[in-house]
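S.K.: Letter by letter, the chains look like this.
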Amino acid sequence: MIPLTWYLALSAVLFTIGVVGVIVKRNAIQMFMCIELMLNAVNLTFVAFSSYFGDVTGQLFVFIVMTVAAAEAAVGLGIIIAIFRNRESLDVDDASVLRL
Amino acid sequence: MSDVLPSISQLLFVLFGAMALGCAVAVVAQRNPLYSAISLVGVFVSLACLYLTLQAPFIAAIQVIVYAGAIMVLVVFVIMLLNVEEEVRRPLRLRYLVPVGVLLAAVLVGEAAFMLQLGNYAAYTPTMPASSDVGLTASIGTGMFTKYLLPFEVTSVLILMAMVGAITLARQGRTPLLAAPGNVTEEPAALTAGGDVLLKPGDTAATGRAFAREQIRTGDAAAPSEVSREEGER
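Which chain is which? The protein sequence lines are A and B, in order. Here the first sequence stands for residues 1 to 100, numbered as in this note's numbering. Here the second sequence stands for residues 1001 to 1234, numbered as in this note's numbering.
Note that these hints are calculated values from the structure, not bench results. Relax, there's no trap hidden among the hints.
On the chain B side, residues computed to face chain A include the following (Cβ under 10 angstroms): (1) Gln-1010; (2) Leu-1021; (3) Val-1025; (4) Leu-1047; (5) Thr-1053; (6) Gln-1055; (7) Ile-1062; (8) Val-1075; (9) Ile-1079; (10) Met-1115; (11) Ser-1132; (12) Ile-1140; (13) Thr-1155; (14) Thr-1168.
With the C-beta cut set under 10 angstroms, the calculated list includes, among others, these residues of chain B facing chain A: (15) Val-1027; (16) Ser-1036; (17) Phe-1044; (18) Ala-1070; (19) Val-1100; (20) Ala-1170.
We treat Cβ as the ideally placed atom computed from N, Cα and C, and that holds for glycine.
Generate the whole structure from the sequences, applying the supplied hints.
M.R.: Set out below in structure tokens:
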């Protein structure tokens, strides 16, 4: 069978790619998608541990993480739309102050 | 049979893991946000396949429905709505950000490799049970509505808050928030002309202003001040 460490290593690499994306990208929507990527990497860890230990708690937590991700998507995209309406740009360098 | 099955599962892991990694790299490497979104759908689908190999069919289905279905449709809709063109390559304000990011990534990968490689896993290496009902919908539902009922309810409150917040943020007409006496920038042309007032149904702010203007014009002094004050407070 597949060792548990394979899943953990894959999850770590996926999370790292997400971190690099958030740091490097300047487009707000792409940064948002990289955050989703990080959430998914953590979900993979949860599901892997849950399956290998035979405990359902990890998968319940994944369910809640997905709910939070959906809420984050709604609010985050609303913020992105508001920023774009005010600045005509999605570049986060243009949104360097908090006031609209 | 028993020596064939592990190799098949390893093959599936390598296949979907490589697909997830490639799509994840594409998410970061693409400069067009739409291509990034499509690559991210690839990551989600391959992760759902990995969940299936982990005997978690419920989470795999939810992954496809919620992530690849709902969230990515929302993201693609916003990309289309805002008509985002390709990222223009312009000088970064923080020039050292890319090296810092790469360094941070190297540290993270090194840390993970250290923990996975040098950790004492010889003492306890769990093996996945051949068949279990952990990932089935029934066991997840049982756990969610008995032991973890409070987190579930809190999550529903969170969803409600997010709904209200998203509607507030993305609302087009922001007159109730920003309309102050000196802040009204656009007046309907029919009002400033002073002639017959053309009112659209549902245009409550314009109706109120037209009513106040009409009261002022006819000389009724008591009513217009009330109306205009109420409008000013809004």
